[in-house]
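Chain residues, written in single-letter form:
There are 2 protein chains.
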Amino acid sequence: MTVNKVTRMYLSEDEIPKYWYNMRADMKQKPEPMLHPGTRQPITAEELGAVFCGELVKQEMDMDTRLVEIPEALLDFYKSTRPSPLIRARFLEKELGTPAEIYYKFEGNNTSGSHKLNSAAAQAYYAKGEGLKNLTTETGAGQWGTALAMACAFFKINLTVYMVKVSSRQKPYRKAVIETFGANLIPSPSETTEVGRRILAENPDTGGSLGCAVSEALEAAMKTPSCRYVLGSVMDHVVLHQSIIGQECKIAMDRYGIKPDVIIGCAGGGSNLGGLIAPFIGEKISGKTDTRFIAVEPASCPSLTRGRFAYDFGDTGRTTPLIKMYTLGNGFIPSSEHAGGLRYHGMNPTLSKLRHDGYVEARSAKQTDVFRAALQFSKIEGILPAPESSHAIWAAIDEALECKKKNEKKVILFGLSGTGSFDLAAYMSYNDGTMTDYTPTDSDLEKGFATIP
Amino acid sequence: MTVNKVTRMYLSEDEIPKYWYNMRADMKQKPEPMLHPGTRQPITAEELGAVFCGELVKQEMDMDTRLVEIPEALLDFYKSTRPSPLIRARFLEKELGTPAEIYYKFEGNNTSGSHKLNSAAAQAYYAKGEGLKNLTTETGAGQWGTALAMACAFFKINLTVYMVKVSSRQKPYRKAVIETFGANLIPSPSETTEVGRRILAENPDTGGSLGCAVSEALEAAMKTPSCRYVLGSVMDHVVLHQSIIGQECKIAMDRYGIKPDVIIGCAGGGSNLGGLIAPFIGEKISGKTDTRFIAVEPASCPSLTRGRFAYDFGDTGRTTPLIKMYTLGNGFIPSSEHAGGLRYHGMNPTLSKLRHDGYVEARSAKQTDVFRAALQFSKIEGILPAPESSHAIWAAIDEALECKKKNEKKVILFGLSGTGSFDLAAYMSYNDGTMTDYTPTDSDLEKGFATIP
Chain A
163 MTVNKVTRMY LSEDEIPKYW YNMRADMKQK PEPMLHPGTR QPITAEELGA VFCGELVKQE
223 MDMDTRLVEI PEALLDFYKS TRPSPLIRAR FLEKELGTPA EIYYKFEGNN TSGSHKLNSA
283 AAQAYYAKGE GLKNLTTETG AGQWGTALAM ACAFFKINLT VYMVKVSSRQ KPYRKAVIET
343 FGANLIPSPS ETTEVGRRIL AENPDTGGSL GCAVSEALEA AMKTPSCRYV LGSVMDHVVL
403 HQSIIGQECK IAMDRYGIKP DVIIGCAGGG SNLGGLIAPF IGEKISGKTD TRFIAVEPAS
463 CPSLTRGRFA YDFGDTGRTT PLIKMYTLGN GFIPSSEHAG GLRYHGMNPT LSKLRHDGYV
523 EARSAKQTDV FRAALQFSKI EGILPAPESS HAIWAAIDEA LECKKKNEKK VILFGLSGTG
583 SFDLAAYMSY NDGTMTDYTP TDSDLEKGFA TIP
Chain B
163 MTVNKVTRMY LSEDEIPKYW YNMRADMKQK PEPMLHPGTR QPITAEELGA VFCGELVKQE
223 MDMDTRLVEI PEALLDFYKS TRPSPLIRAR FLEKELGTPA EIYYKFEGNN TSGSHKLNSA
283 AAQAYYAKGE GLKNLTTETG AGQWGTALAM ACAFFKINLT VYMVKVSSRQ KPYRKAVIET
343 FGANLIPSPS ETTEVGRRIL AENPDTGGSL GCAVSEALEA AMKTPSCRYV LGSVMDHVVL
403 HQSIIGQECK IAMDRYGIKP DVIIGCAGGG SNLGGLIAPF IGEKISGKTD TRFIAVEPAS
463 CPSLTRGRFA YDFGDTGRTT PLIKMYTLGN GFIPSSEHAG GLRYHGMNPT LSKLRHDGYV
523 EARSAKQTDV FRAALQFSKI EGILPAPESS HAIWAAIDEA LECKKKNEKK VILFGLSGTG
583 SFDLAAYMSY NDGTMTDYTP TDSDLEKGFA TIP
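So the sequences go chain by chain: A and B. 163 is the number of the first residue of the first sequence in the working numbering; add one for each residue after it. 163 is the number of the first residue of the second sequence in the working numbering; add one for each residue after it.
Source of the hints: derived by calculation from the structure; they are not laboratory data.
Same chains, same names: a pair is fine if it fits in one copy or spans any two.
Straight-line C-alpha distance at most 30 Å; calculated DSS-like pairs for lysine-lysine:
#  : residue 1 : residue 2
1  : K241      : K180
2  : K167      : K412
3  : K571      : K450
4  : K256      : K295
5  : K528      : K567
6  : K241      : K167
7  : K256      : K241
8  : K412      : K241
9  : K167      : K180
10 : K421      : K241
11 : K421      : K566
12 : K318      : K572
13 : K167      : K566
14 : K566      : K241
15 : K446      : K220
16 : K241      : K571
Next up, chain A with everything else stripped away, as it sits in the complex:
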């Protein structure tokens, strides 16, 4: 079968990758280590182990092992939702009249509706294996909370989710699905933690932020017996788990002889994009390919395009280790007008390093442009995308139209990380014309930068 005939490429079950791909092993210049916020010395495995599961700490700190084996019981779980389809966007290509070939890897075909389940399952699996009874986490738009609630229901672990307050109000059905899977959901900031009470005392009407929810989940994990904190992006072990996305792409594309010229993904904390590019970036670094890698972020939360490459805290409560990353400052809170997710102030340190060293490009998009692209895509390709994922659609369409102008037959691959089924309030505001665009001014950004330690 030739590639030109195939629209949906599925791997068979025994082709599902048995290894995650640790792209740090391919980097000549490694990301800088996390630092202890007190001593400013590289953090130790023991220190991280107070917060994270042991196996995750190992994965977090391992910059050298290229292929990390996926445990068999976890592979069994993956088989309930994977392999995910790699789809040729034939209808979109035709509508755009582009000579480019456009492919997307769709991670939304599971009840949580996004790629987040790949890491949620891994983290719940390791927690169970280490005998833990409880997990805490935060969630913003709700994709991660839903995925982890599903994973914890499966592995039978108790879960408490701190959900950014404004999201829990805007997305009652996200809240409902998290609770349906048995998790305890607390809108953040809350009165259940010291940091929550402090933030509420300073700003009683705040809608919360991801950085603040992280602080609460961390504090709760430290105070609860047999409990650890898990999170759904930013960290390198999360990117490692998400590399199953890129691994599946690589296997399928190799089978059909497809070489991507451009790989595009949306970037909030970086796990979706990092997972997608993991097995491809090494060939770029070593000079074997000239593939372009493009991170797309919202103009309203532009860490990679307008942030600083500096050591910063991962949370608003300033309790995490210091991470060398592109950051808008741990005190940065994106405008509440922004409906497209990807609201985190920082970025995965490996992606940050790759961006800094010129291997990854970054672009930002206005949200009305993103929703316009989402609608164009959905009407012709039949998938209503998550606003997050639609950032990648926007850039893919832009690249395809560039190819049309220049009559170039490039191969574009983008990550369609999730569905928009739980984002319909945002679509409604786009449909009725009330959605606005927001781009922070330089002086808005300066306020955030001032919180970088």
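Could you slot chain B onto chain A? The hints should help.
This is chain B only, laid out in the frame that chain A set:
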């Protein structure tokens, strides 16, 4: 690869069936023809053609052609969401401790979230091919309206959807997704039609019913230029389109040497179950197999288990041809406490005939039992099912537990027709304990029967 190793069975793209399966060709005793309500004579193709597209009329009336070719452009569309996975419910089997093998065919992996897209795409395709500019339809829980909105966006046809008023209130996000795909949505009963005005005059506070929305959509289609009416269940051409579900199951099961002993589907209008069993029922009728076929319906809308096998109207406005079917009477409106879909007063005439002649069994389920089964399934299999589909889960679990009691290693196949992503209000009411069960009394049913002509 042996069956025991495979959990998710995908067909490759070139294995997608190129034919629908018309199960009426396998029936020795055919369903009785539709009658003109005035003359009580069998309806003619010409009469039906005033309401339906020409090709659909042909399919509706053809009881003899076994394999009906799927047009190539439609196959191209199907490839954007199909083949759908056939999944071995290994985790559920283990949790139940049953020796039975449980398989489900999952039709929820598309943005509309259900099997309805199979017929929606076919109907929009034919309408486009016949040069029509407009379509009207009704929708209850919203699965059909969403699917048709997607199909009409793709084939670029205008669509007006009459949505049962109580559903449009309970499911604002269903409404939003239908509108996002560009359809015009009108809560029914409405002031836009004569029949709507009449029903509102009699009962201003009614939440509407599917039968009433059918009447409005029909009237609107007759009064609009270049317009036809389409519907998402009950009719035999819809069941024909849904036979792609059963066709894919048969191909995959044959490949792995799996013979189903029991095939289970939920039944509202009958398209999901009819499509699932289409290529299997002939062998039962001819005595080659002893497969059991089970239709599961809600106790609150029990057409197959407590209805009458009689000629009745398909709509509350009493404007359709008369259909020989199991019916609760065209005036029957299920309790508004019922949240599980499958609210139609009648049943597809072919399924009705098969039930009447003893080839298909029927069972009814209380909704709290259905939601209990849905939660048990979702936590272990990782798919939040539509309440409709959960009727089949309930029966499959029941059959699997019977196998456990009797230590029988049966093969159970059920149709998982859709996801519950848009049904979270119902899950919330189950979670907080406010969901109630409702079973109509005999005298409740008598009122409905009195409306059978």
